[in-house]
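Chemist: Protein chains in written order, with the working numbering: chain H, 1 to 337; chain L, 1 to 337; chain R, 1 to 337; chain V, 1 to 337.
Worth flagging that the hints you see were computed from the coordinates, not collected in a lab. Among the hints, erroneous ones may be present.
Copies of the same chain are indistinguishable here, so a pair counts whether it falls within one copy or spans any two.
[Said to hold, decoys possible] Cross-link-like lysine-lysine pairs, in silico, DSS-like; alpha carbons within 25 Å at most: (1) 6 x 75; (2) 11 x 201; (3) 201 x 115; (4) 155 x 202.
Computed from a prediction, not measured in an experiment: that's the story for all the values here.
Protein chains: 4
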Amino acid sequence: MIIILKKDADKSQVENLKNWLAARNITPHVSEGAHETLIGCVGDVAKIDVGLVQQLSAVESVQRIQEPYKAANRKFHPDDTVVDCSGPKIGGGNFQVIAGPCSVESEEQMVGIAKAVKAAGATLLRGGAFKPRTSPYAFQGLGKKGLELLIEARKETGLPIVTELMAIEHLPLFNDVDVIQIGARNMQNFDLLREVGAQTKKPILLKRGMSATLQELLMSAEYIMASGNPNVMLCERGIRTFETATRNTIDLTVIPVLKRLSHLPVIIDPSHSTGSAKLVEPLAMGATAMGADGLIIEVHNNPPCALCDGAQSQTPEMFAETMKKIANIRPYAWERS
Amino acid sequence: MIIILKKDADKSQVENLKNWLAARNITPHVSEGAHETLIGCVGDVAKIDVGLVQQLSAVESVQRIQEPYKAANRKFHPDDTVVDCSGPKIGGGNFQVIAGPCSVESEEQMVGIAKAVKAAGATLLRGGAFKPRTSPYAFQGLGKKGLELLIEARKETGLPIVTELMAIEHLPLFNDVDVIQIGARNMQNFDLLREVGAQTKKPILLKRGMSATLQELLMSAEYIMASGNPNVMLCERGIRTFETATRNTIDLTVIPVLKRLSHLPVIIDPSHSTGSAKLVEPLAMGATAMGADGLIIEVHNNPPCALCDGAQSQTPEMFAETMKKIANIRPYAWERS
Amino acid sequence: MIIILKKDADKSQVENLKNWLAARNITPHVSEGAHETLIGCVGDVAKIDVGLVQQLSAVESVQRIQEPYKAANRKFHPDDTVVDCSGPKIGGGNFQVIAGPCSVESEEQMVGIAKAVKAAGATLLRGGAFKPRTSPYAFQGLGKKGLELLIEARKETGLPIVTELMAIEHLPLFNDVDVIQIGARNMQNFDLLREVGAQTKKPILLKRGMSATLQELLMSAEYIMASGNPNVMLCERGIRTFETATRNTIDLTVIPVLKRLSHLPVIIDPSHSTGSAKLVEPLAMGATAMGADGLIIEVHNNPPCALCDGAQSQTPEMFAETMKKIANIRPYAWERS
Amino acid sequence: MIIILKKDADKSQVENLKNWLAARNITPHVSEGAHETLIGCVGDVAKIDVGLVQQLSAVESVQRIQEPYKAANRKFHPDDTVVDCSGPKIGGGNFQVIAGPCSVESEEQMVGIAKAVKAAGATLLRGGAFKPRTSPYAFQGLGKKGLELLIEARKETGLPIVTELMAIEHLPLFNDVDVIQIGARNMQNFDLLREVGAQTKKPILLKRGMSATLQELLMSAEYIMASGNPNVMLCERGIRTFETATRNTIDLTVIPVLKRLSHLPVIIDPSHSTGSAKLVEPLAMGATAMGADGLIIEVHNNPPCALCDGAQSQTPEMFAETMKKIANIRPYAWERS
């Protein structure tokens with residue numbers, strides 16, 4: 001952290017500032033230049049509130065030099081993290097496609113879709129049992145029953161299952177789940193993050209909030225990791241922009257950017273981001289070309305009758321076609337050098 | 001809900017659509033015009049997924065006519081809601097100022113600030129015991145001890161207390177709290193909303209998410225109200241924009257807009273939105289002129305030493321000055337006609 | 001400008017950097033600390049491309065210390081600029097209301113509205129002769145004929161006139177105009193800015209682009225001022241956000257922020273920002289309370305028949321009522337201390 | 001256009017509305033349902049101001065059914081437009097890479113880079129002679145001299161040239177230019193759009209404004225086309241979001257979306273959008289996989305010494321490597337079905 005002093009800061013103000021820093025175990029190194037005086041701060045500056053320093057009477061401006069995340073930071077962990085999802089591995093060159101319906105609806109539906117996506121090449125099965133809905137009057141998911149149906153579909157197909165956890169009191173129900181998803185709206189539900197870090201070692205698929213910056217996403221990953229669970233995967237599912245032609249705007253640049261900043265795997269969700277089944281294929285192809293570690297795609301056997309988000313669900317036929325196109329591109333995918 | 005059919009929709013497609021609607025207990029009323037065919041939908045359309053209808057083969061576009069919120073809707077509850085905060089009333093012409101530090105730090109601090117803000121005219125006391133922080137390494141609040149200090153400050157001053165709840169498992173600790181705050185990052189933590197609706201009747205101060213629309217804010221209020229708690233107050237605390245000169249951009253237009261859409265009180269937070277103590281006064285004055293039902297302002301006896309957010313805290317002296325200026329403007333505040 | 005070096009930067013890289021700076025007449029002052037090495041840069045750093053420095057091999061990060069605008073900067077011109085608009089003065093404690101229709105339509109309309117707004121207390125008259133429309137098929141304004149009608153209305157009422165210039169080749173037609181408006185969509189039409197700076201000394205009302213930062217707005221003012229015209233007024237007319245309940249979101253915080261950063265007057269446009277006549281009054285009241293130097297309000301004698309933007313136009317009766325409410329608040333308006 | 005009436009609209013209000021429509025040559029078709037009354041509007045509704053209708057006393061809400069653009073609309077021109085750029089064709093299956101420096105600096109530089117990018121496979125040459133800069137103190141381009149150097153580079157290599165026009169009075173200097181670029185900041189400089197439509201038939205590369213919606217981009221294309229020039233290419237160069245890790249956020253979803261809405265070619269600019277040379281390659285690969293009709297990439301022989309935007313320029317070596325990776329992916333690119 002570097003503090004630039006005001007030109008007209010007097011000695012007593014500067015003395016106060018140095019004492020203030022010292023009280024926080026920060027050692028100040030003063031460099032007086034012709035035009036400005038700088039204070040380099042040595043110590044555990046991660047705990048200092050930058051906004052607060054900025055208001056001190058002697059201070060012109062402040063700059064952090066280091067990222068505030070450590071466990072998630074590529075600088076301190078140069079090798080890619082590889083997450084083992086009960087068999088399939090994600091990251092470090094391992095690419096997987098997670099597929100399935102938005103909501104679990106019935107055994108017939110889940111087993112049917114699971115078989116279809118497996119046949120097309122998916123290696124993990126997704127499905128929502130607890131659903132975050134903006135309206136209290138909308139279908140909220142089958143809950144515990146939904147988890148049972150997912151497990152049934154895994155028995156039939158062998159595909160590990162991925163499903164969303166919305167409240168920590170439901171965690172005991174997730175014992176048989178393979179990968180726990182934290183949704184975009186809970187990305188900064190810090191109590192939930194801390195607990196999935198402390199209470200489990202299962203892989204966590206952490207979705208980026210709709211207006212979150214990448215640093216905020218990485219800080220949320222840091223909450224989980226700092227609490228004891230290193231198995232975090234980052235998922236881009238579209239951000240909010242002014243564009244209305246799609247539901248959200250997927251930010252594919254996050255793939256190379258996150259891979260530079262962090263060692264965690266990056267998964268792209270082309271279904272939620274667009275809200276349109278027809279756009280899933282080109283986005284999945286783009287994400288693959290840009291080096292994503294995985295995709296999570298909604299597939300439904302009968303989209304017009306889906307209880308939620310049918311509009312963005314591919315049919316099994318569309319999904320199979322998309323998987324072929326992805327396979328063509330995957331050998332030429334971008335790799336971080 | 002009105003469905004506009006594609007020009008080239010054939011009879012069987014339209015028949016399918018009508019059956020699809022009928023299966024959902026919606027009665028379709030078809031109007032064939034020279035240039036387009038419309039279907040007016042009668043029934044409980046709130047449960048229909050608009051995105052899904054939009055994907056059906058015969059459909060050109062769909063439009064909702066009614067807002068998806070009911071309990072929070074001014075149309076169905078024309079009179080202003082007045083929320084009783086253990087004495088002070090908010091809404092329906094009643095204006096209150098809530099003040100206090102960002103975080104509870106010590107008894108001396110809390111009691112000192114409580115006395116100062118009371119002397120300046122504040123009628124409720126705020127203070128954070130559980131703090132949402134983007135970094136797991138930052139000060140997370142005093143927790144239970146913080147709640148005890150708040151209660152101590154209430155004993156000394158008589159000011160009812162407002163404090164944030166971050167996880168439903170902490171609710172039992174909030175028995176002696178007067179007003180429960182739900183923070184911006186939890187605005188769409190639907191499980192938490194449902195439970196503060198079902199498990200308590202205490203007033204809820206619901207903060208708008210940093211990128212939430214007003215409809216989303218009202219839907220979150222609806223979650224609380226639909227679960228049984230009608231005592232909801234809406235709070236604008238600044239939205240994220242491209243501007244970097246302030247931390248967030250406060251959207252004061254929400255005051256007249258929310259008052260037209262809803263009967264719930266509207267509170268403005270000029271402290272978090274700007275991140276700068278110097279901007280609190282002009283924003284508080286603007287919000288008052290525009291007819292806010294209340295303000296929530298951070299005050300700290302020693303801002304440079306505050307454990308969090310000192311940068312945006314007024315001193316008691318600044319706060320007293322601001323209260324005088326607000327009092328000048330309040331008689332001329334805008335009223336909904 | 002301060003450059004922070006990478007920890008592993010070697011001597012030759014640092015030597016290269018110093019030479020690179022020297023070639024641009026920048027004198028580097030190196031401060032070696034225990035944990036980082038900084039280079040303070042002395043010279044005309046405004047001409048240095050920060051992004052470029054950031055890419056140099058030895059550089060960890062770069063920070064500008066000074067704002068890139070000079071003529072518009074309060075630091076170098078501590079006193080408020082007062083702009084003389086052919087009689088009425090704006091800024092430095094002088095407050096004016098500009099009113100009139102979105103588009104000039106006919107002599108009867110213009111003279112009628114001009115008399116009405118003058119009677120209500122407006123001191124300048126607005127009206128669009130050249131109209132920026134998103135559709136090439138929409139009404140584009142009366143052009144030269146519109147300017148003539150504005151001048152006619154001025155003759156009848158004595159109100160100076162404000163109207164928009166869209167292309168520099170039209171400037172000769174604006175000889176009799178009192179204040180030239182540059183619209184939000186042209187805020188970064190740099191050729192136009194440069195020419196209204198070089199070819200005229202008339203006051204320029206510069207509207208903020210819909211997604212522009214305040215620094216960008218000030219840089220656009222700087223273009224005009226650096227070309228020779230110091231008579232610039234800054235106008236907030238609403239920014240684009242995710243909110244759909246209003247057309248744009250007005251950012252009233254710009255009033256105290258711009259007054260701290262710059263000495264130029266700040267005008268608020270509550271009509272375009274909301275797109276709704278009913279919201280103009282509360283916004284005008286809020287802007288007044290927060291210390292705006294002026295307001296620009298759309299008024300139309302028959303809004304439903306206006307050729308453009310009738311939806312946001314007040315009637316003369318509404319405007320007169322709003323003027324009274326503003327007058328109540330104005331004595332208590334916030335002032336920069 | 002469909003108008004939904006208020007439930008409590010009385011007969012005289014509805015009669016007024018019908019007269020208001022009739023006065024604008026719109027024939028209203030009324031459909032009275034059990035729960036709502038609709039008016040389908042037949043006629044040239046493109047000229048009606050929706051916001052205005054929405055304010056009429058009888059009106060609950062209004063919905064446009066048709067897009068407001070015609071010439072640019074895929075519905076009316078189902079076949080892809082193929083633009084001939086003095087030899088190389090873009091669109092309808094033809095893919096081209098435009099490359100060159102941000103700014104033209106010298107003959108040596110231009111000819112050197114032109115030869116390098118040609119050798120790597122680029123088929124058009126870019127270079128800025130007139131530069132839009134946010135600061136009046138920054139390098140503004142070589143102007144006329146820059147155009148001459150571009151033409152010189154074309155002579156040496158045969159590559160057609162693409163360069164930006166900022167003011168219509170410069171058009172006579174562009175006689176020898178092959179493709180005219182309209183920059184993001186001028187996307188809604190309607191006078192400039194109209195004139196490049198009316199005064200030339202040269203291909204226009206129209207860049208999307210930093211916060212523009214796709215409909216606004218298409219309306220700007222419509223301005224050019226309605227004025228007489230059908231040779232428009234749409235270019236995504238990144239939009240403004242809250243992310244700070246990159247300069248802008250490129251929205252690659254525009255490729256499939258624009259191709260559905262319009263028949264015009266879609267070009268992606270991975271250089272300006274990221275502001276970082278290292279991100280150009282993965283973005284170029286993603287854009288290619290998603291079916292872009294072309295790319296425009298900044299290449300500089302000595303990025304650290306570039307007079308502007310060196311930070312985002314690839315070296316000729318990096319560019320050659322990127323071209324190879326693009327060539328691998330191109331055979332598998334997404335195609336609209």
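Chemist: Which of the numbered hints are not met once you compare them with the structure shown?
Modeler: The structure breaks hints 2, 3; every other hint is satisfied.
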